[in-house]
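Peer 1: Residue numbers (this note's numbering), protein chains in the order written: chain A, 18 to 331; chain B, 18 to 331; chain C, 18 to 331; chain D, 490 to 589; chain E, 490 to 589; chain F, 490 to 589.
Calculated from the structure, these hints are not laboratory results.
Among the hints, erroneous ones may be present.
[Unchecked claim] Pairs of lysine to aspartate or glutamate, EDC-like flavour, derived with a Cα cap of 20 angstroms: (1) K179(A) - E507(E); (2) K516(E) - D537(D); (3) K516(D) - E554(D).
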Amino acid sequence: MSVDPVILFFVLGLVAGLAKSDLRIPPAIYDLLSTLLLITIGLKGGVELARSPLVGVMPQAAGVLAIGFILPLLVFPILRFVARFGRADSASLAAHYGSVSVATFAVGVAFLAERNVGYDSQLPLFLVLLEVPAIIVGILLARGLSGNQSWGKLLHEILLGKSIVLLVGGLAIGWAAGPTGVQPLEPLFFDLFKGVLALFLLEMGLIAAGQAQALRNKGLPLIVFGVLAPLPLAAIGACAGWAMGLSVGGTTLLAVLTGSASYIAAPAAIRMAVPEANPSLSLTASLGVTFPFNIFVGIPIYYSIAIALHQWGG
Amino acid sequence: MSVDPVILFFVLGLVAGLAKSDLRIPPAIYDLLSTLLLITIGLKGGVELARSPLVGVMPQAAGVLAIGFILPLLVFPILRFVARFGRADSASLAAHYGSVSVATFAVGVAFLAERNVGYDSQLPLFLVLLEVPAIIVGILLARGLSGNQSWGKLLHEILLGKSIVLLVGGLAIGWAAGPTGVQPLEPLFFDLFKGVLALFLLEMGLIAAGQAQALRNKGLPLIVFGVLAPLPLAAIGACAGWAMGLSVGGTTLLAVLTGSASYIAAPAAIRMAVPEANPSLSLTASLGVTFPFNIFVGIPIYYSIAIALHQWGG
Amino acid sequence: MSVDPVILFFVLGLVAGLAKSDLRIPPAIYDLLSTLLLITIGLKGGVELARSPLVGVMPQAAGVLAIGFILPLLVFPILRFVARFGRADSASLAAHYGSVSVATFAVGVAFLAERNVGYDSQLPLFLVLLEVPAIIVGILLARGLSGNQSWGKLLHEILLGKSIVLLVGGLAIGWAAGPTGVQPLEPLFFDLFKGVLALFLLEMGLIAAGQAQALRNKGLPLIVFGVLAPLPLAAIGACAGWAMGLSVGGTTLLAVLTGSASYIAAPAAIRMAVPEANPSLSLTASLGVTFPFNIFVGIPIYYSIAIALHQWGG
Amino acid sequence: MPDDSRKLITIVTEAILEVELCEHLEKLGATGYTVTNARGSGHRGIRDAGWSSSSNVRIEVVCNEVVAQRIATSLRDNYYNNYAMILFEGDVRVLRPEKF
Amino acid sequence: MPDDSRKLITIVTEAILEVELCEHLEKLGATGYTVTNARGSGHRGIRDAGWSSSSNVRIEVVCNEVVAQRIATSLRDNYYNNYAMILFEGDVRVLRPEKF
Amino acid sequence: MPDDSRKLITIVTEAILEVELCEHLEKLGATGYTVTNARGSGHRGIRDAGWSSSSNVRIEVVCNEVVAQRIATSLRDNYYNNYAMILFEGDVRVLRPEKF
Ligand SMILES: Nc1ncnc2c1ncn2[C@@H]1O[C@H](COP(=O)(O)O)[C@@H](O)[C@H]1O
Ligand SMILES: Nc1ncnc2c1ncn2[C@@H]1O[C@H](COP(=O)(O)O)[C@@H](O)[C@H]1O
Ligand SMILES: Nc1ncnc2c1ncn2[C@@H]1O[C@H](COP(=O)(O)O)[C@@H](O)[C@H]1O
Ligand code: NA
Ligand code: NA
Ligand code: NA
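Please take these sequences and the hints and turn them into a complete structure.
Peer 2: Structure, rendered in structure tokens:
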């Protein structure tokens with residue numbers, strides 16, 4: 018099975034960026050591409066949810082939500098006391114790695130499609146559910162519960178961030194319109210998905226290349242963490258998915274989610290709520306190390322883990 | 018018949034905007050989307066016109082042009098002497114409501130497609146013909162014929178505005194290239210139409226939400242006018258369409274045109290020619306009240322009117 | 018055979034621009050469109066190359082590379098001593114006309130597709146090979162070999178310019194992924210090609226219109242050169258293509274390449290390396306004269322030349 | 490050496506005025522101008538660049554005192570009452586004074 | 490005639506702060522503000538606008554001396570330590586001083 | 490308290506020069522710079538940002554008098570003759586003078 022071309026576009030961006038090419042994707046185009054991806058993922062999920070009864074999903078959703086709150090609590094102490102990062106930075110990294118990366122999820126979806134492996138309809142819903150909790154926990158870890166008056170404002174910003182709004186909106190519209198209603202939207206949102214993802218990854222490569230510099234400075238600890246963190250986190254997701262009775266594809270994607278690190282929702286929220294944390298630290302780890310690691314090495318591994326679990330689990 | 022998903026995208030934008038989400042569509046993307054919509058509508062119409070002889074359309078075109086000049090003259094006195102708006106503002110609103118909204122027309126087209134109802138090929142041509150006259154009348158109503166030297170410059174700006182150029186250009190190209198010639202362009206301009214419209218309405222929702230504030234201040238008169246004006250205006254269009262012998266679909270769309278209010282061509286032209294008019298007044302009415310009213314309530318009503326006319330007319 | 022609609026979009030842009038319409042394509046959208054075109058051309062070529070053995074192409078590639086170095090040397094003396102341009106300007110124009118125009122190539126591809134004429138898979142590769150040499154020669158012609166320390170920096174800029182990176186990247190990805198791998202990318206990069214090209218040419222028309230002013234000032238010599246240069250240059254390409262044993266389509270496209278003038282890679286590189294050359298001179302000639310000439314008159318002629326060569330060559 | 494001190498006029502106003510205003514500035518004697526897209530808030534409310542009719546432009550003109558005065562007066566008389574607009578003037582020293 | 494001299498405060502900082510900062514400025518007494526997208530480099534490295542979280546905004550406020558002082562102090566205390574930010578102040582003369 | 494007055498150098502020139510120029514500015518001692526996209530008109534005609542090769546950038550540098558002088562001289566000698574470019578200098582007061 019040859020490597021997926023969308024990943025080659027990431028490589029192209031990475032190489033062009035490292036070689037200091039003048040290739041640029043205008044911010045407006047980056048916004049368009051991410052908007053399309055978020056709506057597509059939401060719509061796809063919504064259409065699927067329309068097919069299956071929602072009630073059955075509720076307990077699973079609760080479980081996923083719980084995982085979202087627990088993961089950062091597992092990551093934080095390691096960062097704080099093993100890797101010896103400062104409190105703010107540890108909390109920030111915990112929030113980033115507890116939350117999820119939409120682009121990694123999209124690559125995972127493409128990876129499964131490539132292999133004609135289906136996945137459970139509720140995964141996009143889980144994507145939404147996993148995005149927020151870790152950020153809240155991370156902020157609490159940094160600030161403590163003590164006198165922080167602006168929680169309302171903060172939650173508002175997190176819950177109404179672009180990615181959440183478009184994902185939830187897409188889910189709702191897909192669910193309300195159903196398969197037939199969404200059909201006329203498919204040429205833009207479904208047929209172009211792979212191509213849009215390719216362009217998006219091209220830009221991601223350029224951005225990741227921009228992190229290389231910072232990487233050279235921060236150096237080893239970040240790389241080590243960025244490479245070692247995903248596997249155990251993904252393993253937790255895989256086991257949870259399997260325990261919930263998700264399909265192989267669903268189990269894989271849940272592992273992809275828990276194993277991925279946020280670089281959109283988390284950075285924005287943490288920057289506002291924990292300004293003393295060094296943003297380039299978490300961004301470099303999630304974008305410069307973990308994202309490439311996941312799309313090259315991680316996803317295939319998580320897929321085999323999912324298969325193994327289902328075989329062993331019988 | 019479930020609600021069309023493109024309208025749900027408007028709702029999503031509206032809700033996100035009212036909830037002060039940080040969701041934004043960059044201006045450059047707004048331009049791309051509107052450019053695509055305008056070309057699509059033009060091309061579609063041009064291809065159709067290529068099928069039917071143009072001469073037959075001429076008398077109808079003349080009639081539509083006449084309507085374009087008459088409508089603002091009907092609206093103005095009501096605004097000036099009933100609603101008691103100032104002269105400039107009354108003229109400005111008359112121009113906006115005499116002119117047409119491309120987005121509303123596009124939603125109407127989608128509405129008919131949803132129901133597999135065809136429409137006459139000359140409608141996009143009518144869209145062009147209805148855009149300009151009301152603006153000219155509006156300016157005259159505000160300034161009078163007296164010493165206004167810059168008419169040439171003004172007409173140039175109005176007739177060569179983006180929307181006119183792209184609509185007319187699309188019409189001409191579609192007409193010259195014909196069905197087969199346009200075929201290779203269909204994937205971008207025709208297949209993606211619904212999806213592009215969805216994104217455009219998402220942005221429209223965000224913009225409309227921005228008008229809510231102004232609405233709270235200006236309050237009742239604007240809402241009343243914005244809701245009451247479309248129906249009679251659309252009725253005139255429907256009757257005219259039926260009298261011209263248009264199909265049910267064509268009658269509906271002509272009603273949609275006369276019942277809709279401009280928020281692109283008119284605002285720009287009026288801002289330059291009648292600067293003393295309060296722009297947020299007309300924009301709030303057309304975008305914040307009439308546009309939503311039309312896509313939610315108006316279009317279905319106009320459709321039933323068209324059906325009724327054709328049944329009653331036998 | 019009616020005129021290709023994509024060319025009508027160029028006309029639309031040209032007319033709108035000359036009529037001083039306020040129609041604009043935002044820079045970000047221009048970037049998106051050119052990015053899509055470059056990747057598409059690269060991918061298409063890469064997929065084809067994957068089908069045929071690369072070794073056979075090597076000698077041809079060497080020949081094309083040689084042509085790239087020779088062409089500007091032929092053009093320069095004519096400009097310098099016949100048209101009596103200054104040294105810097107002659108060198109600049111030589112670089113522009115020795116290099117190639119991606120948009121003209123794309124129109125050529127569309128022209129052949131319209132007629133169901135295939136072309137050899139290596140043409141996109143030739144496009145890349147022809148872009149750079151002339152620029153280097155042009156710089157040498159202007160500066161001489163004497164003390165110019167920054168060649169490394171210069172070559173870096175030229176070789177890592179946006180167009181080269183995307184073309185080569187597309188080639189590589191298409192080649193690595195192969196026909197089946199690229200399939201999921203086709204909706205965006207292949208199906209939309211014609212539509213994207215149409216929008217791009219619309220913008221090109223607007224830009225070309227912007228050159229008209231400069232044209233009036235510079236006047237005759239530029240027009241004469243811009244119209245007369247393409248034919249002999251294209252003839253050289255045609256003969257070379259025929260001698261290499263390219264198909265009629267391939268011969269046509271090679272003629273299109275040698276007959277076209279760069280307006281992206283060359284202007285940027287020359288502006289940096291030969292700042293004393295007047296940029297509007299070369300841009301006006303290539304964009305305002307040669308580009309329109311080629312898409313309206315040139316391409317059909319080059320096609321007939323290619324046919325003639327193959328018939329006569331038996 | 491020539492006196493290199495000039496005035497820097499900065500205008501922030503509705504994007505729709507850009508073309509007309511720039512022609513106007515040159516008529517008033519400006520040798521050039523620089524325009525950037527902008528958004529903002531003022532007496533006429535928030536103008537957030539979501540789309541053209543609600544966005545601003547920021548126009549700068551470097552010129553001598555006479556032209557500066559002319560521009561300020563002309564804009565105050567022709568545009569200030571009806572359009573979202575501010576204008577402020579600062580002192581700058583320029584390279585190549587003969588250009589301005 | 491009224492005194493038309495005011496202060497022009499220019500702030501360059503992280504785009505993410507735009508909304509919060511603009512509200513803050515109005516609380517401090519600014520009658521308005523103008524924002525443009527920007528990129529740049531400084532002590533916190535290159536910020537090249539590739540995407541929102543790495544881009545800057547350039548915010549201008551025309552105000553009187555008191556408000557200017559208030560803004561400078563407040564930003565130094567609340568943002569300067571943790572965010573990429575610079576602030577500088579110049580002297581300008583405004584049209585319609587009563588607006589500011 | 491330290492002296493907080495600095496020079497604000499503003500350069501408007503061809504977008505193509507951005508990367509090279511910014512490196513150059515730091516070599517000359519600038520501790521940072523801010524760039525915004527711009528369009529405009531001057532002696533070399535209209536530059537309307539339709540696409541990169543016809544667009545401008547507006548570069549600002551806050552620096553001390555010495556660096557300012559160095560920048561002005563260097564740009565005049567290396568770029569002014571061959572590129573569309575203007576440069577002007579104003580006086581500003583900065584927050585955290587030690588940064589510049
Ligand atoms: N005090 C201020 N400081 C900076 N910019 C301002 C100020 N007041 C207004 N502006 C800008 O000028 C535009 C028009 O101002 P106004 O006419 O007051 O609405 C606003 O949209 C802002 O971009
Ligand atoms: N000396 C300077 N001149 C102009 N702009 C600067 C300067 N220093 C910093 N900036 C701008 O202010 C932003 C934040 O500065 P800093 O906090 O030093 O990283 C940078 O990204 C630049 O856009
Ligand atoms: N008098 C001026 N005021 C403001 N900006 C100017 C002025 N002259 C030139 N510019 C800007 O500087 C750029 C280059 O100027 P020039 O080299 O004169 O063509 C122009 O494109 C404008 O953006
Ligand atoms: Na995670
Ligand atoms: Na109407
Ligand atoms: Na050539």
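Peer 1: So, for every hint listed, does it hold in this structure?
Peer 2: Results for each hint:
no., hint, verdict
1, K179(A) - E507(E), "holds, 16 angstroms"
2, K516(E) - D537(D), "holds, 19 angstroms"
3, K516(D) - E554(D), "holds, 16 angstroms"
The structure shown violates none of the earlier numbered hints.
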